[in-house]
Amino acid sequence: MSNFTGITATMNPLAEMAQFKQNMREVAASPEWRTSKLIERQRWNPYSMEGGSTAAISGDNFAIVASDTRMTQNDINILTRDAEKIHVLNDSIILSTSGFYGDVIQLRKVLQSRLHKYRFDYRADMSADLCAELLSRNLYYRRFFPYYTGAMLAGIDENGKGAVFSYDPIGCIERLGYSASGAAEPMIIPFLDCQIGHVTVAEDYEKPPLTIERAISLMKDAFRGAAEREISTGDKIHLVIAEAGKPIVQKFLPLRED
Amino acid sequence: MAPVHDELQRTLNPTCTGASVIAMQYKTGVVVMTDRVVSYGKMARYKNVSRQYKVNDNVLVTFGGDHADFQWLQNVIERQVLLWKRFDQDIGPKALHGYLTSLLYARRCKMNPLWNTLVVAGVEEEEKNNKETSTPFIGIITQKGCAYQVKHVATGLGAFLLNQAVEDEFRKKGDELTRQEAEAVLKKALELTLYHDCVADNDFEIGRVDANEGVVLGKEQTIIGDWSIAETNCQYE
Amino acid sequence: MWGETFDDFESEERELAVAKQNFMHEPANMNFTFPSLPLGIQPVEFMNSHFGATAAKNMKFRKGTTTLAFVYEPATPADKGGIIVAVDSRASSGEYISSKSVMKILDIGDRMVATMAGGAADCQYWTRIVAKYCTLYELREKTPITVSAASKYFANALFGYRGKGLSVGSMVAGYDKKGPQIFKVDSDGDRCSLKVCSVGSGSLNAYGILDNHYKPKMTDEEARKLGLRAIMHATFRDSGSGGVCNLCHITPTEKIRLPPMDVSKLWYEFADELGRDIVYDPRE
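Residue numbers (the working numbering), protein chains in the order written: chain S, 1 to 258; chain U, 1 to 237; chain Z, 1 to 284.
No lab work stands behind these hints: they were computed from the structure. Predicted model, so just to flag it, every value in this text is computed and none were measured. Just so it is clear, CB atoms sit at the ideal spot from N, CA and C, and this is done for glycine as well. Some clues are possibly wrong.
Within a straight-line C-alpha distance of at most 30 Å, the following computed DSSO-like cross-link-like pairs (lysine-lysine) qualify [what the hints assert, rightly or not]:
#1 K85/U x K251/S
#2 K80/Z x K265/Z
#3 K220/S x K60/Z
Simulated restraints, written as ranges between beta carbons of each label pair [claimed, not checked]:
#4 F34/Z x W72/U: 24 to 34 Å
#5 G163/Z x E213/S: 49 to 59 Å
#6 R224/S x T33/Z: 40 to 50 Å
#7 H196/U x V27/S: 41 to 51 Å
#8 Q180/U x R175/S: 53 to 63 Å
#9 V201/S x A17/Z: 50 to 60 Å
#10 Q164/U x N156/Z: 52 to 62 Å
#11 I231/S x K178/Z: 57 to 67 Å
#12 S11/Z x I229/U: 51 to 61 Å
#13 D125/S x L194/Z: 42 to 52 Å
#14 L130/S x N156/Z: 51 to 61 Å
#15 G160/S x E95/Z: 37 to 47 Å
#16 H196/U x E158/S: 51 to 61 Å
#17 V27/S x S11/Z: 28 to 38 Å
Chain S on its own, in the form it takes in the complex:
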């Protein structure tokens, strides 16, 4: 004797429970109403990876963000050499993202429209701190269909200090002194750990203070190094410099194109 769950009355309770759980799993995995079309959709990969890397460093009164400008298809084929991965959102907020470029565009659009609305409502620009929390929540709202992006937000915070916020794809937020995301993250971070965090040098080793000039030259070195050893990073460095009380400066510097 069995009912619709396939449980027979003679089974002991433990086996019954195990059987029930098994049935539940199967039904959940492919319920009756799942049509062929739905299963096809599941197999299609909605993400692609356009490669590239970004990094950011913050100091006492400045924040600099850099990225390469290469966009690749499957990490191999170069689609364009002037893709924009850094987006200047207002006078003190810079968004830089790597990952799936469709999501990057959507994310930028969401933030821009929210910033616009904020300006409309409060007649002031949003500060970097607020925008950082906003971005974190907007990333999390897509928890069940995440943005495939490694985002970073940099800028000058409410106190005139440089700030860098780093995120994971679903919006785990952390404020750091320096950060990187994208394909060359595992290469750039150890370099910055050594040069800015000074975690790999001896205690009595001379530790130069982080000036804006030093930060810029470190950033250039980091990307030149990454371009040497990482396939989807190259072409150009897009350097964006935000200094408290000054307008944001953007620069493009050449990198390896191979």
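Position chains U and Z against the provided structure of chain S, taking the given hints into account.
Quick look at chains U and Z alone, frame taken from chain S:
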């Protein structure tokens, strides 16, 4: 135990497809080249089909990928153009590019993509009717909603085959390229696809969007190419 | 768009407009639901295939932790007693350490804390939701919320998303009218009150130290040291944990956050105390 769906083994593949699109900026506009065949797998199913769609005097949309999806897109674009017309506006290439990006991204998010790579070519009029300030525009959108702007592009198999070749030619002259030179580069590029892409066709058209002339759809042209190399290249006995 | 209603649109445009409505504005409080995958796609399966073991290194979600908390009573009148909460600071994406300085003790109001283990983003987001609930509760009821109630709200919120793939293992700790309380809450919707508790990949190592040296009555000094020690040993035996040790001491009157301690330094201290070389041979 798990239910078997035999009919589901097919994938989300497009049926009737167009191949490469090659586009390039020149001094005052954009030239776009497509071949005139729609393939069914490797079969040249429909010949003499234009893959370029004139939106208005400033914009030309060209596609690679599923033909049915593109025909449906033509309707959507036309509706959008009419919407702008109601407010006495002509949609520009940037605006259309943005609109189509949102559309393709929204469809991706429903996991029901439009299987197209779109090339939106046109001339952006910064100020209405001021030809001096017009700038050439080429925007690409992939089926997943990934969009970018370029000065020259080759999609489909051309992305692997031609991008660098076109780029090298473009860099020689940069923005000073004339229309004739640009068209010559495109023809050379088509010859290359012809040799290596089995779904490319030697029947093609070159459309252009020029700041002064507006959209000019190309006439059907044919290229034969030089096949003499075949005798030495193939291992015929 | 131009003062039209959705009815004027064709279906495709209507969907675009709805998407704009959903994403471009701050969602209204009461009727917000997470945008999810189209019907018929299993969220857990989907996430595993794109953000699981095969995903790019830095695209995986940040996770991996040792967190612990325990309640103790003061041994002498000079001590304060209360709750010690100690955590490590590593967040790893797969085998890549994506951050070595995460603050895993999150504030809920000014009397409670929640620790964070499992998915980092999940913990941060839901702790924030709980904190908001607690603030609103205090404003509405004009009385501080109990730890029990706050953790219950937390557990209920998580239970609503059970089976969707959230990963949270949190301890809500704090003082309320019933005294010191620790509630462990996890993403299965489980919630239980404990005196000594540890969560995360290194929890077993931490339990080893805790259970060995825990006494119901301790001096503040002893208790803090026990917290640091347990975390230090866990980080040395669990590769998912590491970095610095953050410690928070909740006394009946205040919440004291101690400065972060590098676990390597703790290890040297520990070796010094035992009077042995840091590179020790267990056979000696």
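Each hint tested on the structure:
1. K85/U x K251/S: violated, 40 Å
2. K80/Z x K265/Z: holds, 27 Å
3. K220/S x K60/Z: Since the Cα atoms of K220/S and K60/Z sit roughly 27 Å apart, the hinted pair holds (cutoff 30 Å).
4. F34/Z x W72/U: 24 to 34 Å: The hinted range 24 to 34 Å holds for F34/Z and W72/U, with Cβ atoms some 30 Å apart.
5. G163/Z x E213/S: 49 to 59 Å: holds, 54 Å
6. R224/S x T33/Z: 40 to 50 Å: holds, 47 Å
7. H196/U x V27/S: 41 to 51 Å: Given range 41 to 51 Å: holds, Cβ gap about 49 Å.
8. Q180/U x R175/S: 53 to 63 Å: holds, 56 Å
9. V201/S x A17/Z: 50 to 60 Å: holds, 56 Å
10. Q164/U x N156/Z: 52 to 62 Å: Holds, since Q164/U and N156/Z (Cβ atoms, about 58 Å apart) stay within the stated range.
11. I231/S x K178/Z: 57 to 67 Å: At 60 Å between Cβs, range holds.
12. S11/Z x I229/U: 51 to 61 Å: With Cβ atoms ~52 Å apart, the hint holds.
13. D125/S x L194/Z: 42 to 52 Å: Roughly 47 Å apart at Cβ, these two residues keep to the hinted range, so it holds.
14. L130/S x N156/Z: 51 to 61 Å: violated, 29 Å
15. G160/S x E95/Z: 37 to 47 Å: Given range 37 to 47 Å: holds, Cβ gap about 39 Å.
16. H196/U x E158/S: 51 to 61 Å: With a Cβ separation near 58 Å, H196/U and E158/S satisfy 51 to 61 Å, so the hint holds.
17. V27/S x S11/Z: 28 to 38 Å: holds, 31 Å
Hints 1 and 14 from the list above are not met by this structure, while the remaining hints are.
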